[in-house]
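Q: These protein sequence lines are chains A and B, in that order. Those letters in the first sequence? Residues -19 to 347, by the numbering used here. Those letters in the second sequence? Residues 174 to 515, by the numbering used here.
Take these hints with a grain of salt, some might be off.
Unchecked claim - Dumping the calculated BS3-like pairs for lysine-lysine here, alpha-carbon to alpha-carbon at most 25 Å: (1) LYS253/B x LYS177/A; (2) LYS253/B x LYS193/A; (3) LYS133/A x LYS268/B; (4) LYS177/A x LYS264/A.
Honestly, the hints are just simulated from the structure, not real lab data. On a predicted model such as this, the values are computed, not experimentally measured, just so you know.
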Amino acid sequence: MRLLLKHGFATLISVLLGAAILVGCNAPAATPAQKPSSSEQSISLNGAGATFPAPLYTKWFDVYNKLTGVKINYQAIGSGAGISQITEGTVDFGASDGIMTAEQQAKAEAKSGPILHIPMTSGAVAIVYNLEGIGSGQLKLTGEVLANIYLKKISKWSDSSITALNPGLNLPDTAIAVIHRSDGSGTTYIFTNYLTKVSRDWSEQVGNATSVKWPGDIGGQGNAGVAGQVQQIPGAIGYVELAYAIQNKMTWAQIKNSSGNFVEPSLTATTKAAEGVTLPDDMKVMLTNSSNTDAYPIVGFTWILVYANQTDKSKGEALAKVLWWAIHDGQQYAAPLSYASLSEEAISKAEKEILSIKYQGNVLISR
Amino acid sequence: MVETAALFSIWDVIKYDAKCAELRDNLLSNNVVGSKKEGAGRYGDRIFSNLTLIFSLLMVAILAALVIVLYLDALPAINKFGFSFFTSTDWDPVKEIFGALPAIYGTLLSAAISLIIAVPISLGAAVFLSELSPAWLSRPGSFLIELLAAIPSVIIGLWGLFVLVPFVRNPVESWLGANLGFLPLFQGPPFGVGFLSAGVILAIMIIPIITAVSRDAIRAVPDSQREAMLALGATRWEVISRAVLPYCRSGLIGATILGLGRALGETMAVTMVIGNSYALTASLFSPGVTIASKVASEFSEASGDVFIGSLVALALVLLVITLVVNIIARLLVWRMTEMRPT
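So that you can see chain A by itself, here it is in the shape it has in the complex:
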């Protein structure tokens, strides 16, 4: 009996093994038929950087891989790390929510030439709050009031500067608990960039960076950390990425834009920020406080960073192609993932940038 069992086992295993080998032999023959047999087949690109656009990039590169066979790895390690990786040349492209500083650009330029900032999508920062009985979109704030709240100059919700903006609301006489991001982040960069533009006090005392010297109160780790604190503490105010706020149905405020309109954060109002405004050719521009009358004011691009002069022809070409695809066909994937698509103006500027990518003085792709 035992012997029989043993034999049975051996037979079973050999049958399984045989099947596996058969399947294994069949597989490679089947795959190439599904994919275009271009020279790009074996190309793989590596990128690293911003965490904010990572879900969109992952989706893009997955779709693009199925379309063309080009494999793109993206590591969401943060904008700062993305900038240093592209500077060191350890990746084929970097990604950042902020513009590289003059110092960073000089460092990269000395190493491998100028770096292009190509916009991929834009993000907005929603101001969220926890006030009983006051729903989403009901509270109105201006940039200056927001700056003064974050500077701790306005410490109560019943402060006259807030009640003056919200005559219909019954604002409580409670302290404002100010929540900020404790980790360095592109969201903080966009938010502080906006405050720097609208408040002289803010620009003098605090300034604009991925992490700053906060006058108060509590730091939360990531969007989730900030959202968690805001939801827990009555009277709290915080800022999170719009995508996060939408997905978690948070209570957000209307912010007065530079034309004097109060605007709720939304994907359309985000895209508007780059419409009808003059954009520089190099696209190194912060969209905050846009002059478009319908724009939400706390908005910024997120960029992919590539060297203007590529050192590997086939890789450079593949990179230019995927970026071209991303700013055209790729834009349809933005809205379902709560990202704002690029405006016409932004796309045409980005096109020019991509077409200017060169290898040994020659352009890599043309229209």
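Since the structure of chain A is already known, use the hints to place chain B on it.
A: Frame of chain A, contents of chain B only:
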């Protein structure tokens, strides 16, 4: 804290090594292991001992490399700020002015709160498990405590954020603020997040370690000690407080320091509940920061040599603090061992 764990394991290895040597000598002298196989055996022994020597030197080399790399990366900050890095309370990435005092203070304060909470509880639990509990309870009890030690810190952090923090805010902090608000310790708005929550979270994380190590230390006390005490007519309390605990003092201190080591270096859970505000305040209610949480929060987005250098310098400070704590502990344990009646 990795460094602490490494240090302790080196000591354990040394201790274990001494035990092994003793055992081997015993075996040899009793002729259990003969000296017949000298030829081949000697070779193997030599290779083995060289191999282990290399491994142990590797550990020392890793520590040295760690210190050197940290120092080199921290140089831009050290050159710019010098000693004022330790006394300044600023942390301004925009103006590139950095000081470590609030982080050092926060690290020590949160660790101190956690020890104040954890040590009595752990000691009580260890005494109960090893001396008083019935056998059927002792084993599952120990098992559960060790299980607590195995919970990843991010999970404890999440629990802290969603369960502990609201509880600390109300009723704990509101009650303390209303009734003991005259003390500087309990002033300010009750946010929930802050030093108090961080201390409690840390206490929860170090209780299992301190309990487990203390329990083993207490169990290692020879029964003759207890019997001698009982023979003198001592009560159970007297046996424990006058014979057992003094006998294993060094083990208990070792256990506490092991817990302190983890409390000093714990990152994730603390970051989630401490509030991450770079300020130097006496109130336990106020949000604060620890070295580990600051480094973990800001490192990935930091740019510029001085900013990164300052974060690395913070890490270096943490390393030095843990080393100093461990050295003090070692000295204490040595002194205790020498003084112990044999």
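Q: Run every hint past the structure and note whether it holds.
A: Checked hints:
Proximity of LYS253/B to LYS177/A is assessed by CA-CA distance (about 30 Å); at most 25 Å being required, the pair is judged violated. Using a Cα cut-off of 25 Å, the hinted pair LYS253/B and LYS193/A holds, with the two alpha carbons roughly 19 Å apart. Using a Cα cut-off of 25 Å, the hinted pair LYS133/A and LYS268/B holds, with the two alpha carbons roughly 21 Å apart. The suggested pairing of LYS177/A with LYS264/A holds, with an alpha-carbon distance near 16 Å, which does not exceed 25 Å.
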